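Generate coordinates for the entire structure from the input sequences, incorporating the hints supplied.
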Amino acid sequence: MKKLIGIVLTFVIIQLLISTNIINSYLQATLATICINIILAVSLNLITGFTGQFSLGHAGFMSIGAYTCAIIVMRIPTVPGFLLGLLAGAVMAALVGILVGLPTLRLRGDYLAIATLGMAEIIKVIFTNLEITNGAAGLSGIPRFVNWAWLFVFTVGTIWLITNFLKSSHGRACISIREDEIAAEAMGINTTKYKVTAFTIGAFCAGIAGALYASYFYFLKPGTFGFLKSIDVLVIVVLGGMGSISGSILAAILLALISTLLQAFPELRMVIYSLLLIVIMIFRPQGLMGSREISLSVFSKLRGLLPSKKGRE
Amino acid sequence: MEQLLQQVINGISLGSIYALIALGYTMVYGIIKLINFAHGDIYMIGAYIGYFCMTTLKLDFVSSLLIAMVVCTLLGFAIEKIAYKPLRNATRIAVLITAIGVSLFLEYGTMFFVKASVRTYPALTGFLSGKLQFGSVIITMQQILILAVTILLMVTLQFIVKRTRIGRAMRAASLDNDAAQLMGINVDTTISFTFALGSALAGAAGVLVGVYYNSINPLMGVMPGLKAFVAAVLGGIGLIPGAVIGGYLIGIIEVFVSGYGNSMYRDAVVFAILILILIVKPTGILGKRSREKV
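Residue numbers (our numbering), protein chains in the order written: chain A, 1 to 313; chain B, 1001 to 1294.
Hints in this document: simulated from the structure, not taken from any laboratory. All clues given are correct.
With the Cβ distance kept under 10 Å, some of the chain A side facing chain B (calculated, not the full set): (1) F54; (2) D110; (3) I114; (4) N129; (5) L234; (6) Y273; (7) I278; (8) I280; (9) F283; (10) Q286.
In silico DSS-like cross-links for lysine-lysine, where the CA-CA straight-line distance does not exceed 25 Å: (11) K1033/B with K1162/B; (12) K1058/B with K1115/B; (13) K193/A with K1281/B; (14) K1131/B with K1058/B; (15) K1033/B with K1288/B; (16) K1115/B with K229/A.
These numbers were taken from a predicted model, which means no experiment stands behind them. The beta carbon of each residue, even a glycine, is placed where N, CA and C say it ideally should be.
Right under this line is the structure:
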């Protein structure tokens, strides 16, 4: 219940700030980037942080969602058309996820990373050469239906989906695979099934993120979804802490703010960004949050310390 | 037929470059199980050093090549000491992300200093600018130069790895790190040496590619780096002959796809081969299957 109030409050406050134009259109774009990055990071965290499968191809799934949604919404430029496109994009991404996941998830660690990287590159090359995606020039003039409300709904929805998945027995099975694959298998867990499940859910959510991206930024080109985009998402996951959903959310916000602050120094931005990455890895390799979560009980504990408050939940 | 021969010759030139880069990948992977993402960028730095030697300092090809190799050796050594050594006992993924960080740092650091624009290598002069013609098949002196330098470097590498003390230490460490340490091998020094050796080869490849394709830019190392890694996996990662075979195979396949198919798809084909080999035989062409121990 308290969570729900918190979520509604966040939405209302930001909506108010947008209506009163305190959050101008530039900051709104940052807000959209944050929401999309949260979806991407949380879904990659499910694959990499919780199931322990190292994927470097998240941008590939995102691009499938983005292009599918863009192509549909350009034919049916209405809100139902957009929702259809979003769903189709997510489903397409999930299908490709199954298709790629089934053979490659037998591989371990670095090999899987390279295979997913290769897959993302192949998807990029295909989009660069297809007629319907307008090749390297990209698609432009995609109708914009996404606003703060849609972004918020889908971001919260993704987080809800993935946290609930992790709390289920399926999610526990995934975590056991991360901890020790052989032990998990010995306990009768069908490791391939759960790895593919996690991979597919991750791909589905990345497809949603891509669809939101397409409709919000109304311009797509294959180069956007290259290796660097996958790395971006991975950096968020690692910075936040692998195996921490709240860490991913926090890191997505933090990195967006850093990159906004460094906007004035474009040539130094990537240098500072890369140094940050190295320094974090050397001094705090578990990320900001490790595998812990921020929960609302932290606040109740704080309240418990105050002598004047006596009420309990 | 003549066209086929011409494609093979072009493929061998490109393959030599991939093979040189792949050797560094495979040696580093063999010894510390790290995909050194920064390796492709060391190759880029090599190309830039060669460029400045040839244009600003007006040196000849051989001394430029040597200087580039020395600078890259030092760079590889420094990167290993600063970025990877503190992480010796960290998780694999932490080291991998550091490698990605180093890679981005080299790319954008270089871009900051030399700007993003493409630079053109000076043309070679003297007999190096000539070419041999057999019917309609043309072999340029540059291609012969690339092959000659590559073979020379590979023979040297083979000698170092097989016949010297440090080479034996490298082989021992890649077989079993802990056991090597117990036998009195200084594994840290060996790892540093491996990085330095691989970086020298990448630096040489950078100068050769500059001479061959003429244009260089700060992001030129990304794709060849990834493809060289594919080559290393194809041949069997951790195996030096595997990297050479894989490098030449990838080079020839890429040239054939460009020549007979659609050049837009050449990157996709290379990665498709990678996925295929990982599914069919993840240990690569020369790799032996090892049983997994619990």
